[in-house]
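Working from the sequences, and respecting the hints, build out all of it.
Chain by chain, the residues run as shown.
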Amino acid sequence: MDAGTLIVGASQAGLQLAVSLRDAGETAPITLIGEEPHAPYQRPPLSKAYLQGSTELEQLWLRAPDVLANSDISLVTGERIQTLVLKDGGPSGSAFTAGGQMMTFDRLALTVGARPRRLEAPGADLDGVTYLRTADDATLLRELQSDAESVVVIGGGFIGLEAAAVARAQGKSVTVVEAADRLIGRAVAPVVSEFYRAAHVRRGVDVRPGTRVTSLAGKHNRVQAVELSDGTWIPADLVIVGIGVVPRTKLARQLGLDCAGGIAVDRYARTSNPTVVAAGDCTVQPNPLTGSGQVRLESVQNAISQAKTAAATLTGRDVPNDAVPWFWSDQYNLKLQIAGLSGGHDRYVVRGDIEGEAFSVLYYREGALLAVDAVNTPGDYMAVRKALTQGATISADAAADKGVALRELIVPQAVGA
Amino acid sequence: MPKVVFITLDGAQRVVDAHAGESVMAAAVRNGVPGIIGECGGNCSCATCHVYVGDDFSASVGGANDMEDDLLDLGVADRRDNSRLSCQIKVTDELDGLTVHVPAEQ
Numbered sequence: 180m181d182a183g184t185l186i187v188g189a190s191q192a193g194l195q196l197a198v199s200l201r202d203a204g205e206t207a208p209i210t211l212i213g214e215e216p217h218a219p220y221q222r223p224p225l226s227k228a229y230l231q232g233s234t235e236l237e238q239l240w241l242r243a244p245d246v247l248a249n250s251d252i253s254l255v256t257g258e259r260i261q262t263l264v265l266k267d268g269g270p271s272g273s274a275f276t277a278g279g280q281m282m283t284f285d286r287l288a289l290t291v292g293a294r295p296r297r298l299e300a301p302g303a304d305l306d307g308v309t310y311l312r313t314a315d316d317a318t319l320l321r322e323l324q325s326d327a328e329s330v331v332v333i334g335g336g337f338i339g340l341e342a343a344a345v346a347r348a349q350g351k352s353v354t355v356v357e358a359a360d361r362l363i364g365r366a367v368a369p370v371v372s373e374f375y376r377a378a379h380v381r382r383g384v385d386v387r388p389g390t391r392v393t394s395l396a397g398k399h400n401r402v403q404a405v406e407l408s409d410g411t412w413i414p415a416d417l418v419i420v421g422i423g424v425v426p427r428t429k430l431a432r433q434l435g436l437d438c439a440g441g442i443a444v445d446r447y448a449r450t451s452n453p454t455v456v457a458a459g460d461c462t463v464q465p466n467p468l469t470g471s472g473q474v475r476l477e478s479v480q481n482a483i484s485q486a487k488t489a490a491a492t493l494t495g496r497d498v499p500n501d502a503v504p505w506f507w508s509d510q511y512n513l514k515l516q517i518a519g520l521s522g523g524h525d526r527y528v529v530r531g532d533i534e535g536e537a538f539s540v541l542y543y544r545e546g547a548l549l550a551v552d553a554v555n556t557p558g559d560y561m562a563v564r565k566a567l568t569q570g571a572t573i574s575a576d577a578a579a580d581k582g583v584a585l586r587e588l589i590v591p592q593a594v595g596a
Numbered sequence: 277m278p279k280v281v282f283i284t285l286d287g288a289q290r291v292v293d294a295h296a297g298e299s300v301m302a303a304a305v306r307n308g309v310p311g312i313i314g315e316c317g318g319n320c321s322c323a324t325c326h327v328y329v330g331d332d333f334s335a336s337v338g339g340a341n342d343m344e345d346d347l348l349d350l351g352v353a354d355r356r357d358n359s360r361l362s363c364q365i366k367v368t369d370e371l372d373g374l375t376v377h378v379p380a381e382q
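If you read the sequences in order, they're chains A and B. Start counting the first sequence at 180; every next residue gets the next number (our numbering). Start counting the second sequence at 277; every next residue gets the next number (our numbering).
These are calculated hints, taken from the structure and not from any lab test.
Derived coverage of chain A by chain B (criterion: at least 3 residues anywhere in the stretch with Cβ under 8 Å from a Cβ of chain B; other residues may be distant): (1) 233-243; (2) 479-492.
To list a few chain A residues with every Cβ distance to chain B over 12 Å, as calculated: (3) 210; (4) 267; (5) 295; (6) 299; (7) 359; (8) 390; (9) 396; (10) 399; (11) 408; (12) 439; (13) 440; (14) 453; (15) 523.
Here a beta-carbon is modelled for each residue, glycine too, at the ideal position from N, C-alpha and C.
Below you can see the structure in the form of structure tokens.
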């Protein structure tokens, strides 16, 4: 009997891979297995609308379970794959669940995602110290937050700042502690980091860059205060830890696949064993803009794009994952939209009004357009995304003039640029 | 539950039960309506949930908001007067029976 494709990880990438396989005309069985007890759902709203309580999990489903069943995609929830074995190097093999069940497969895809990095400090295991990755995490946090008065967010990245914005909007006293000297340092340039610091401060958040949490203290095993590296103590009846994620590579390493800060894949989502594909937050891949250097992209856009690539690879078509990366973050009334990758830029141009909270920053390297960070300026975001998708550019000198719409400035990339 | 009717290119009708308060895009994606992608989950960031609102509903649904306007201009293949991003259309009981046409490409 045909065992079909096993997709490990009922994530955004896993769901997309399953759907894309069916869309491509695949008729063999497809099994999508995940350890969470829920049908695949959207994660981004967990730190936004879901945390605020303005949406329910069912409304975040990526596909209703009966729709998956109608597509003949077998969804298995609440089961963790513990061991994977390839037969004669693949593509077929066997999977064993934590519950001791065996499943066979003809082809294997890993969409296992990443887990939150754990805080290492005395007291980090107290009740009230929370993480935010899964729907269950968000549900717990949402409950705890309703009773909390003083919230300390550890980590000034996107998750931390979005959670801080929700807590502040609910009237909590909020402190953000970030070890680096600026916020969102891995994703945006200093000018945007400074904007977000000031924007949170304006809304009453106590932002502490360049500061670490050295210990947490509590009573009856419940957190009450956090000690900072400068020796101060801050009251905290709720702590939200958002200090990054660690890609899940255990299963890949069992199979002897190359891993380097994630499961290494090529532009076609093939792992170092070309019969096994991987997609989403668990992977590192060639930079889709430059083609050189490995990047790990934690985004919905990459999960979807790479999963489509992986499905194509499994069905014998070569469709490289070289889509222009994009990303967004909602904090208060601030909508940040990012297109491209700004790492390695040597020049940037600010367009618009930073104080007025509507501006964009265009990034360049050797004159070539790399990326945009757009705050409340969706037209600028979309224009740069379009230019990058077309391989076109926008002159840095012209872009600074807010009087001209960016879309009017898109020109073909100069030869040799 | 309000219903939303999606009409695909080949003229086929797909009727979906939606929750009042959610977006037309969310109802479409959850139910696997072909041609509505909604990659960004309704954040006005991807322009992959473009629809043409049926004539009978264009007045009650209204036109594109500021956020949506640039995405429609730059992000969709064939913008028309009745173009909307379906993530920006909220389902209400009053819009029961809302009919939208799915474009040729997103």
